[in-house]
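Listed in order, the protein sequences are those of chains A and B.
Take the first sequence: its position 17, counted from the start at 1, is 16 in numbering that gives the first Met the number 0, and no numbers get skipped.
Take the second sequence: its position 359, counted from the start at 1, is 358 in numbering that gives the first Met the number 0, and no numbers get skipped.
If you are wondering where the hints come from, they were derived from the structure by calculation, not from laboratory data.
Don't take each hint at face value.
Identical copies look the same in the list; a pair holds intra-copy or inter-copy alike.
Only pairs whose alpha carbons sit at most 25 Å apart, straight line, appear in this in silico DSS-like list of lysine-lysine [said to hold, decoys possible]:
id, residue 1, residue 2
1, K159, K54
2, K41, K229
3, K244, K25
4, K41, K54
5, K230, K159
6, K109, K292
7, K25, K292
8, K229, K244
9, K229, K159
10, K169, K25
Number of protein chains: 2
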Amino acid sequence: MKIAILGHGTVGQGVSEIINDAPVSKSTAQIDIAYVWVRPEKENDQPHYTADYQKILDDPTVDVVVEVLGGIEPARTMILAALEHGKHVVTANKAVVARYLVLFNQMAEKHQVKFYFESSVGGGIPWIINLERALRIDEVDSIHGIFNGTSNFILDQMTKTGASFEDILKEAQDLGYAEADPSADIDGFDIENKLCISAGIAYNTVIEPGDQLLKFGIRNITAADIAFFKKHNWVVKLLGRSLRKEDTYSFIIEPTLYLPGEIEAGVHDNYNYVGLRGTTIGKLSFNGQGAGKLPTAHALMQDILDLQQGANHLYQNFDQKLVLDNRRSIRNYVIRTELDLRQSFADYDLQQNGHYWLVADINAEDLHRKIADLIQQDEHIFFACLNRRAQAIL
Amino acid sequence: MKIAILGHGTVGQGVSEIINDAPVSKSTAQIDIAYVWVRPEKENDQPHYTADYQKILDDPTVDVVVEVLGGIEPARTMILAALEHGKHVVTANKAVVARYLVLFNQMAEKHQVKFYFESSVGGGIPWIINLERALRIDEVDSIHGIFNGTSNFILDQMTKTGASFEDILKEAQDLGYAEADPSADIDGFDIENKLCISAGIAYNTVIEPGDQLLKFGIRNITAADIAFFKKHNWVVKLLGRSLRKEDTYSFIIEPTLYLPGEIEAGVHDNYNYVGLRGTTIGKLSFNGQGAGKLPTAHALMQDILDLQQGANHLYQNFDQKLVLDNRRSIRNYVIRTELDLRQSFADYDLQQNGHYWLVADINAEDLHRKIADLIQQDEHIFFACLNRRAQAIL
Chain A
0 MKIAILGHGT VGQGVSEIIN DAPVSKSTAQ IDIAYVWVRP EKENDQPHYT
50 ADYQKILDDP TVDVVVEVLG GIEPARTMIL AALEHGKHVV TANKAVVARY
100 LVLFNQMAEK HQVKFYFESS VGGGIPWIIN LERALRIDEV DSIHGIFNGT
150 SNFILDQMTK TGASFEDILK EAQDLGYAEA DPSADIDGFD IENKLCISAG
200 IAYNTVIEPG DQLLKFGIRN ITAADIAFFK KHNWVVKLLG RSLRKEDTYS
250 FIIEPTLYLP GEIEAGVHDN YNYVGLRGTT IGKLSFNGQG AGKLPTAHAL
300 MQDILDLQQG ANHLYQNFDQ KLVLDNRRSI RNYVIRTELD LRQSFADYDL
350 QQNGHYWLVA DINAEDLHRK IADLIQQDEH IFFACLNRRA QAIL
Chain B
0 MKIAILGHGT VGQGVSEIIN DAPVSKSTAQ IDIAYVWVRP EKENDQPHYT
50 ADYQKILDDP TVDVVVEVLG GIEPARTMIL AALEHGKHVV TANKAVVARY
100 LVLFNQMAEK HQVKFYFESS VGGGIPWIIN LERALRIDEV DSIHGIFNGT
150 SNFILDQMTK TGASFEDILK EAQDLGYAEA DPSADIDGFD IENKLCISAG
200 IAYNTVIEPG DQLLKFGIRN ITAADIAFFK KHNWVVKLLG RSLRKEDTYS
250 FIIEPTLYLP GEIEAGVHDN YNYVGLRGTT IGKLSFNGQG AGKLPTAHAL
300 MQDILDLQQG ANHLYQNFDQ KLVLDNRRSI RNYVIRTELD LRQSFADYDL
350 QQNGHYWLVA DINAEDLHRK IADLIQQDEH IFFACLNRRA QAIL
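Between the sequences and the hints, there should be enough to build the whole structure, so can you do that?
Here it is as structure tokens:
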């Protein structure tokens, strides 16, 4: 089976490495890299490099296009062109999948090819395939977890070392875990893409990224916050969670506090921990490398091998109509701010301990809306949700 | 697709329930239960019950035989007969799979049918399929985890309540988590079967259950042991682990001590936590319902749907020749006994604290052999391995 790889950054090189180093006993040894599409200035670096996409599209021996460019354009246009030319497409690009999955699926169906995207969520974790397999049998009503390894690395290192957010972010950038512009990882946009894809598949509905989805990241967390949480025996994680109930669903990304004996608290370094709840399978979670060259390339290879072996993934039509409702999620929250919160939260049980406040039993929509107001006055405000088992005493 | 279920205990009834309750949108709605094989005295309980296995074998419309009898015989004979009659076989029976997987695979290949056994390890966790998928690309050199939910429930409850082993075992039996004869769960035989299957697939070799494989269970653990571990900030779990290195592999089942911040320590109730390490996927672990009616039935249904949809699982020939060597695993161990251990462990660094002893840097083979001698003098002796991060100070 012949493939063309679009882009030869870290993950694209990982795919080449897995194929080129494959022992003959493995299925991967039968995959042939016909082309690597690169920008014109790199075209002459290697013999199978080309900047001429039309040549790839016009070559009938190319079965699969592997898109690892990232970002929306030109990825979107090139994926569509590949599908229109009757080529299967495999991608690791969560941003484009979160926005155009339905379009890609329709185009793939029209041209009788497949569009697979295992590596777009959870890196090396076989998440999409297992979510889809669970859905053959079950209704899945909950998707939750630690979907971003970079933010987990930052929070874990801050907890282990007591260092500042800025210092650990710098360390993450030096290690290649975080981009020069870290916003996608630390402000929750990366998790938003992944949770849109996962919950959309789980509920067979379209969930588009946007401001209506609640997101609060870790940009404002301080070493003092971590110390305060530690004193209360809380471990902080950046969690994404969505719950479907009847015709509504919630969609919330926010820092969340766990007890040390809870499994999420044991997820260290840049690992991901993602889970679902199904009717008969119950709660099922996966812990693994959520990013990185070889784990992500491994997930891309799984899709390629499924195409090679003719294994069909679940086909969803995304036709369920659900309403976003984040008022059903009611929790306790800890807020750190220099503001006096008594007026803003007059309707709620409030505890205060210095700059830290605990608001009891508030729904996520109200909490996030109030924070969006308060951040106008205190741009450094930070908050975290208390997971149910964590004790609500400041 | 028509199936026949052999046995209608808890798991068999779970399969019926999933199929009968399936929404029309699910693939499960297209599965038809043609027969349920039961003992003669139950034959008249329901219309599709029969005690006549030959009738099932001779019915060409039956595509799949689902074996949920448990135990070696008559399961082994009935599985072989089904394969010989050109029927696919799906089973949840870890004891028979651990001993006859190679035979069943050969027989299935000869008669051009499939033998699938997802539910035999990890209950509802999609463990076998994902191990097999990882092996399409990677070498897997480590299998490890909490493979038995009953023993995890007992240890977790003892830790949470401070109650005695006997009281919690009784509770587990009342809840249906433990059998009247609990030996398989508490002495490690259940884990042995599951680790034989998993490591055998991982290394493409035959590993047969037997005394050469190191096993020590939780039968002797006391409330005082749990209290002692707590004081040292250790959480005890019954772990199975196997590591391949060059042409050797280890195979060890023993109580193991973790720090509260380690992920294994966060595995509560009757959950399983099973993992692998692969060349490119890295460490990948699964947390879910390792037993129970619906999760186990879910895993059986996954195999049935794979047969319905023609999805092929990995074919291994189990022809790798590896040597068992448990001397390469060197750890610290805590032993609780009324004996004086100074002579037995004269060659090792030894710390003593009352009835508790810490032996440093001893290989698993020597440790287990010495315990097997010492248990002749102190039948209540207990020990646990210190996981690497747990501090070795008594």
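Enumerate the violated hints, using their earlier numbering and listing them in ascending order.
1, 2, 6, 8, 10
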